[in-house]
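With the sequence shown counted from 1, adding 1 to any position gets you our numbering.
There's no promise every hint is true.
Computed spacing ranges between beta-carbons, pair by pair [unchecked claim]:
hint : residue 1 : residue 2 : range
1    : 36        : 67        : 19 to 25 Å
2    : 49        : 11        : 44 to 50 Å
3    : 36        : 75        : 39 to 45 Å
4    : 26        : 78        : 30 to 36 Å
5    : 51        : 26        : 15 to 21 Å
6    : 11        : 48        : 28 to 34 Å
7    : 22        : 44        : 31 to 37 Å
For the record, the hints were derived by calculation from the structure and aren't laboratory data. Just so you know, these numbers come straight off a predicted model, no measurement behind them. Using N, Cα and C, we set each Cβ at its ideal position, and we do this for glycine too.
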Amino acid sequence: MVKQSQVRTGPVLAVLSVASFMAGLDLFIVNVAFDDIGRDFAGTPMADLSWVLNAYAIVFAALLVPLGRLADRYGRKAGLVLGLIVFTLASQACAAAPDLWWLVGFRVVQAAGAAALIPTSLGLLLSAMPAARRGGAVRI
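The whole structure should be built from the sequences, with the hints applied where relevant.
And the structure:
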């Protein structure tokens, strides 16, 4: 483990904050594009379209704790990197989804990546920050 005095906390805070922000943002950003998604998949019932939102929220919430536990066991940095890779690739796949159910499936994968980002970011942040600065860092 790296000693706290050897870590430059500014860049660490910036990277981890952006990762956490993106994971949370994707939970709700689809609301803004919901009408456009409905037009792209014209004729799709609203109940089916709602799965674009619901699938992400359900999987994200369900995997936060288990993926945090896995990161504690196998390494937070590896968990963060894997979460970023999964999240990024799934985001790109969402943009290329040929139909609604492919989009929902890619959103599920995206949520799994996002669920890895939150606990790993927090764990890495707490281990990198001096005790006196942890409260302020977590608030950011």
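A quick look at each hint next to the structure:
{"no.": "1", "hint": "36 to 67: 19 to 25 Å", "verdict": "violated, 34 Å"}
{"no.": "2", "hint": "49 to 11: 44 to 50 Å", "verdict": "holds, 45 Å"}
{"no.": "3", "hint": "36 to 75: 39 to 45 Å", "verdict": "holds, 41 Å"}
{"no.": "4", "hint": "26 to 78: 30 to 36 Å", "verdict": "violated, 22 Å"}
{"no.": "5", "hint": "51 to 26: 15 to 21 Å", "verdict": "holds, 19 Å"}
{"no.": "6", "hint": "11 to 48: 28 to 34 Å", "verdict": "violated, 46 Å"}
{"no.": "7", "hint": "22 to 44: 31 to 37 Å", "verdict": "holds, 35 Å"}
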